[in-house]
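Peer 1: The residues making up each chain are set out below.
Number of protein chains: 2
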Amino acid sequence: MLNVDTLIHARWIAPVEPDNVVHEHHSMAIRDGRIVEILPTASASERYRANETVNLDHHVLIPGFINAHTHAAMSLFRGLADDLPLMDWLNHHIWPAEGKWVGAEFVQDGTALAVAEMLKGGTTCFNDMYFFPDDTARVAAEAGIRASVGLIIIDFPSAWAQTADEYLHKGLKLHDDLRNNDLVTTAFAPHAPYTVADGPLEKIRTLSDELDIPVHMHVHETEHEVEEAMARHSKRPLERLANLDLLTPRLMAVHMTQLLVGEIDSLAQANVNVVHCPESNLKLASGYCPVHELLRKGVNVALGTDGAASNNDLDMLGEMRTAALLAKAVARDATALPAHTALRMATLNGAKALGLDARTGSLAPNKYADMAAVDLSGLGTQPVYDPVSQIVYAAGRNLVTDVWVAGKQLVKNRQLTTLDEAAILKKAQTWRDRIRQ
Amino acid sequence: MLNVDTLIHARWIAPVEPDNVVHEHHSMAIRDGRIVEILPTASASERYRANETVNLDHHVLIPGFINAHTHAAMSLFRGLADDLPLMDWLNHHIWPAEGKWVGAEFVQDGTALAVAEMLKGGTTCFNDMYFFPDDTARVAAEAGIRASVGLIIIDFPSAWAQTADEYLHKGLKLHDDLRNNDLVTTAFAPHAPYTVADGPLEKIRTLSDELDIPVHMHVHETEHEVEEAMARHSKRPLERLANLDLLTPRLMAVHMTQLLVGEIDSLAQANVNVVHCPESNLKLASGYCPVHELLRKGVNVALGTDGAASNNDLDMLGEMRTAALLAKAVARDATALPAHTALRMATLNGAKALGLDARTGSLAPNKYADMAAVDLSGLGTQPVYDPVSQIVYAAGRNLVTDVWVAGKQLVKNRQLTTLDEAAILKKAQTWRDRIRQ
Chain A
4 MLNVDTLIHA RWIAPVEPDN VVHEHHSMAI RDGRIVEILP TASASERYRA
54 NETVNLDHHV LIPGFINAHT HAAMSLFRGL ADDLPLMDWL NHHIWPAEGK
104 WVGAEFVQDG TALAVAEMLK GGTTCFNDMY FFPDDTARVA AEAGIRASVG
154 LIIIDFPSAW AQTADEYLHK GLKLHDDLRN NDLVTTAFAP HAPYTVADGP
204 LEKIRTLSDE LDIPVHMHVH ETEHEVEEAM ARHSKRPLER LANLDLLTPR
254 LMAVHMTQLL VGEIDSLAQA NVNVVHCPES NLKLASGYCP VHELLRKGVN
304 VALGTDGAAS NNDLDMLGEM RTAALLAKAV ARDATALPAH TALRMATLNG
354 AKALGLDART GSLAPNKYAD MAAVDLSGLG TQPVYDPVSQ IVYAAGRNLV
404 TDVWVAGKQL VKNRQLTTLD EAAILKKAQT WRDRIRQ
Chain B
4 MLNVDTLIHA RWIAPVEPDN VVHEHHSMAI RDGRIVEILP TASASERYRA
54 NETVNLDHHV LIPGFINAHT HAAMSLFRGL ADDLPLMDWL NHHIWPAEGK
104 WVGAEFVQDG TALAVAEMLK GGTTCFNDMY FFPDDTARVA AEAGIRASVG
154 LIIIDFPSAW AQTADEYLHK GLKLHDDLRN NDLVTTAFAP HAPYTVADGP
204 LEKIRTLSDE LDIPVHMHVH ETEHEVEEAM ARHSKRPLER LANLDLLTPR
254 LMAVHMTQLL VGEIDSLAQA NVNVVHCPES NLKLASGYCP VHELLRKGVN
304 VALGTDGAAS NNDLDMLGEM RTAALLAKAV ARDATALPAH TALRMATLNG
354 AKALGLDART GSLAPNKYAD MAAVDLSGLG TQPVYDPVSQ IVYAAGRNLV
404 TDVWVAGKQL VKNRQLTTLD EAAILKKAQT WRDRIRQ
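Respectively, the protein sequence lines represent chains A and B. Letter 62 of the first sequence, counting from 1, is numbered 65 in my numbering, and no numbers are missing. Letter 408 of the second sequence, counting from 1, is numbered 411 in my numbering, and no numbers are missing.
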């Protein structure tokens, strides 16, 4: 008998690695926050003695979702301005509201709301881009969720920093503060090609190599962005980034709705990661990311919700469904993005993009136990022929009952264990009353 | 003081009629199953004395969803075959499974599962097309949900009928049986242009006029359908239907992903109703229905989930979100389908298509009290700036807490009042075990 901390007996386990596998009546042993083994339930109790045993009789256990692109604190602007195109939405609604309201307290309260929403929906890791990333990091660490906080850089002053240099300086200080943090890591987050000049981008290129930090950036979000770049630089943004030597395996290029065939080839050759945000792209009528073509050429495609101001939720399960459905239509091929591939995009591919796939993203021995249990016993998910199909095409995030990050249970029977939900909701309503006036 | 049966005090009421209105702190008085008045809560208790009072402090009360196209009993095939194109899915999976399993018991158990799922998700009326419609009608009536059952006609034998004439004969008998039923009505349901010959279609045309029955039909679902019709008849299916004089205000043309500009004009002129099923169309890669163009030209566009074998849920709230998001992308215009219009499509437009808009579809005096309460107090729907935006873009169907049809409460604090959920689930699992073998 081997001693472990936790033994989980599940009706199904969908580990994502290896591909297309679903284990039925299997168990997982966890010690020191990491997965020790996945084995048939019949032999698990003979082999392991656990401090704690969890029974998931009607559930499928999956890797926690990795939300590869969000602006967590913007949850306080959820539904503030809808049914508008990107530049109108940004120029006349979001940027003015941010100018007026964003500060450390806003980011703390908005991030807490977002983290609570994400955890309850099965998300165990998020990749953020926003002002006051030190507060984002603090909220994430306190909640116990895994996070990659963006060291934001933008050519406009904000309450967080005045110049590109100050953004960079503050970002590097935060990176240094988080150096030994296993749960909260950092990524450079230059906002977009149209909002960051060559100078800061060159510095980011050098520093990301030296310090081994990913680069998280909105790229080719809209046709307008590409047209404007052609007018200003006589170059498509991707070409400009290529000239700046930024097309590397460290780049997470978010949105990518405007891609020429040759550009897809370049991304594949350079091992650039693409982060697909289908609901935000649909809602802002930004265009379609050619997910099927990217996958076919071997590009790593992860999934993100974008911020709740443009989505309007942080529901990775729903995002995964939208991605799976939309890719088929865009490719004009119902086989284009099968359920298992969609689950992989929402989990392991996000971990890969963040350089965290040795720690998380699939249920494999030695990885951290970052995972979610989804209860399939209800009306909307019965009968069950294939549990993964059920999660991708029929389940809602409300069917997530339990969530663990690094073996610590952060959601237990649908209740948050590290966050005060009532206090978070009260603050959200207070912000609404202030913003609405 | 006026006596009423029920007085509901709601934080918000979104009546759909008039357009774009949300009442805050309003109440609804209900007598004999019908809405008497909607008025400010402050004056409601002075004016009405009620047998029962319901407080919806954190909720928005909306008309119940009208699922304008489904095959309810197919819920037993949910997830049986995914990630396949329409004709492969039909020919090699669904039709063989139907041939083997469909009978009266299958339809009863599958419809009960579907009705339970729909009610809990806020759907108060569904328009069905399937074999054994008499059983569909019986299950709906027992549950108390409003339904339009399809008098199916198809040129292929099934366990329900052998010839087009027998289908028609059995359908007319069912129509006659339901003549005085206010809750369960009928529609002719010729399966599709490619599965029903001119003869039966001509009879349906005559009978639908004589008996005032809508005609519910799959039309222009895929490019393949149109190409095959061109090869067989040298006509696009819509042209053939026009020649058969079937383009009338009674027609509910479902899917309509293949439309020429002139065809949209013809539909508008003839006041044909279109039923949009975005998730099914995406999943089967059937194409995009040009919703924005149809609405712009004044066509009545309703929403349906299609059957759970191709969706894979009967979630009208989710379908409404997908419709709102997708229309923007297809129209390349973020203003193309605003939240309030999406809610109207999911409710009133369905009632209009079914010829039931004098009874249901909006919260207006004299209409039946068919409605759903959605709780917006949770993490994923806070803060609230616009309750309708919140429902369309952020809420999940699990936030539906209470549902009424004709003033009778069928879901109370998330529990079904007329159906035995445990028994329904048990039967679904038994069917799964039989079908899976």
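To be clear, the hints were calculated from the coordinates, so they are not data collected in a lab. Among the clues, some could well be false.
Identical chains share a label here; the pair holds if one copy fits it or two copies do between them.
[What the hints assert, rightly or not] List of simulated lysine-lysine pairs, DSBU-like, C-alpha gap at most 35 Å:
(1) 173 to 430
(2) 300 to 429
(3) 411 to 173
(4) 173 to 206
(5) 300 to 103
Please read these numbers as outputs of a predicted model, since none were measured by experiment.
Peer 1: Confirm or reject each hint.
Peer 2: Hints versus structure:
1. With identical chains, the CA atoms of residue 173 and residue 430 are at most 35 Å apart within one copy only, with a shortest distance of 27 Å there and 61 Å across copies.
2. Taking identical chains as interchangeable, the C-alpha atoms of residue 300 and residue 429 are never at most 35 Å apart, the minima being 47 Å within one chain and 45 Å between chains.
3. Only within a single protomer do residue 411 and residue 173 lie at most 35 Å apart by alpha-carbon distance; the minimum there is 31 Å, versus 60 Å between protomers.
4. Taking the shortest Cα distances, residue 173 and residue 206 sit within 35 Å of each other inside one copy (14 Å), while across copies they are farther apart (77 Å).
5. When the C-alpha separation of residue 300 and residue 103 is checked against a cutoff of 35 Å, the pair qualifies neither within a copy, at 44 Å, nor between copies, at 41 Å.
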